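**Q** Letter by letter, the chains look like this.
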Amino acid sequence: MKRKLVEIAHARSGDKGDRCDLGLFAPDAATYAVLKREVTPERLVRHFAGMASGPVELYPLDNLLALKIVLNGALSGGAARSLRSDNLGKCAAAALLRMEIELPPDFVIPAKAGIQNDA
Amino acid sequence: MVLKAIRIGAGLGFYGDAWRPVAASIERGGVQYIGSDHLAELTLAILQKDRMKDSAAGYTRDLVPMLTSLWPLAQPRGVKFLLNAGGLNPEGARDALVAEFNKRGWKAKIATVTGDALIERIDSLRAAGEPLDHLDTGASIDTVRSRLLFANAYLGAQPLVRALEAGADIVLTGRVADAALFLAPLIREFGWAADDWNRLAAGLTVGHLLECSGQGSGGNFNSYLENGWESVPDLGHIGYPIAEVSPDGTAIITKAPGTGGRVDFDTVRQQLLYEVHNPHAYFSPDVVLDMGTLKLDDLGGDRVRVSGATGRPRPDKLKIVAGYEDGWAGTATIGYSWPGAMRKARVTAAIIERQLAEQKLAYDEIHTEYLGYNSLLGDLADDSRIDELNEVYLKMSVHAKERRLAEAFPRQFPWLALSGPPTASGFSGIEPARQLLGLWPTLVRRDLVEPEVKVSLCETAA
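These protein sequence lines are chains A and B, in that order. First residue of the first sequence: 77, per the numbering used here; consecutive thereafter. First residue of the second sequence: 534, per the numbering used here; consecutive thereafter.
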């Protein structure tokens, strides 16, 4: 079953020069295993094709049930130079949460609040 | 000797942040130190613009009102401040603060840390063998040399430790690593050695968790799950994070009682990875941290224990962030309502582009956004309901090498009100052009910088 990341994980993003970096966080070990399997560098390159011109880096952190993602060449030359409204890349995490991934058939979607499922 | 834990509170997280929550940490949070980070990567560029208009400026102007408000709470409790509010002009910041304290008859010892500013030393650093190439692209600094406006090294915690040892109540710095503002009191109180890598790494972790004010205690908590952002209590009275640090570096992250926000596993780990590149090699001037061994234990009641930091020896080089003139931006915004809001905005953008070509106004870059549709998500916006939007604002920005050319841009818009597509409203007006600054990250040998770092102390109302 295909679902959006926003239903099973949370994320924050920020900037460093022309790089946008994101943390993606799983609520439990089962979800973390799904994230590690589904959120691959190849998927990220495709998902952020309209934003990142450089390579994508991915660092899994088992101790935090989290993935660290770095998008190179993603901020139009950096915050002080960029013409973009989101010059600091704060909304890239929201864009990540829209990524659709394949969940195992027996996966239980956690209870959610405050989000309309528009899938 | 048995050392007690010490409590450090977060000050501001950027230039313009609120200090009301800092008052709560001082009054009810039992803090002994406040570390206040006024400088994002972008901020030095803003301060440089100020300094070009007024040579006495160049520090963050929130410093004086903030300390005027907080000092009467801090002084009777013996709370000390470390602030990088000096920006590009720590001595100017000190002079302004000293003048205000003297006027009020307030007695304080104020230390200033200088030596991070390297703009006058670029050529001598290169003569000493430092190429100062761009850290990411490898480009030669010659490509921007004549346009450089500032260049500052990220200093570490040691000069701040010296300032505290000299008895400072308030330590004012320019560009230091954000976390150094928090690491310095720990080194000073616990006597951590300069090569005690694991403890320094623990202190760096604490600093990183506190340097973004409310982001460490439930602010900007980007979760839509159960216990997501809407369940964080009372953001309007958020308590900034406080770290209760033990001599071994283990810390409890918490906040003042009776404040809003939330400190739990989720809010703390969102901040832990914020603006981190490789989490196994998080660089600072004092130590390199591996976050892969950290352990977060949610103790409940807005308390999270952080332990297990691993450190590796500090780098031989310091990071510099330099800024150079990179042209001018001109911007205009104009709104359209339903029906067909997006269609009207798009047609307008096309008309403007054609007119620029007809007038031979050649811009280096034209950036078009539609507020209400894609200004925040860009190419990743969902276009499935694009035809039914209630309203859309067209925002167009251009980049030009010359100011005059950037200023000509918004003048292309006013005629649209009566002679363009229907329902044009909310034109932003003829806004002045904005100078753009490129940032140039690079590295420099620390032995070329650190001997020039100076700590000076002065006393007010003495």
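The set of hints was computed from the structure by calculation and includes no laboratory data. Some hints could be false.
[As the list claims (entries may be wrong)] Only pairs whose alpha carbons sit at most 25 Å apart, straight line, appear in this in silico PhoX-like list of lysine-lysine: (1) B/934 - B/582; (2) A/112 - A/78; (3) B/852 - A/166; (4) B/852 - A/92; (5) A/92 - B/640; (6) B/642 - A/92; (7) B/642 - B/987; (8) B/987 - B/852; (9) B/852 - B/582; (10) B/828 - A/112; (11) B/852 - B/537; (12) B/640 - B/987; (13) B/987 - B/850; (14) A/112 - A/80; (15) A/166 - A/92.
[What the hints assert, rightly or not] Which chain B residues face chain A? A few, computed with CB under 10 Å, are given here: (16) 574; (17) 798; (18) 831; (19) 928; (20) 974; (21) 976.
Please read all numbers here as calculations on a predicted model, not as lab measurements. Cβ coordinates follow ideal geometry from the N, Cα and C atoms, glycine included.
**Q** Looking back at the hints listed earlier, which ones does the structure fail to meet?
**A** Hints 5, 6, 11, 18, 21 not satisfied by this model.
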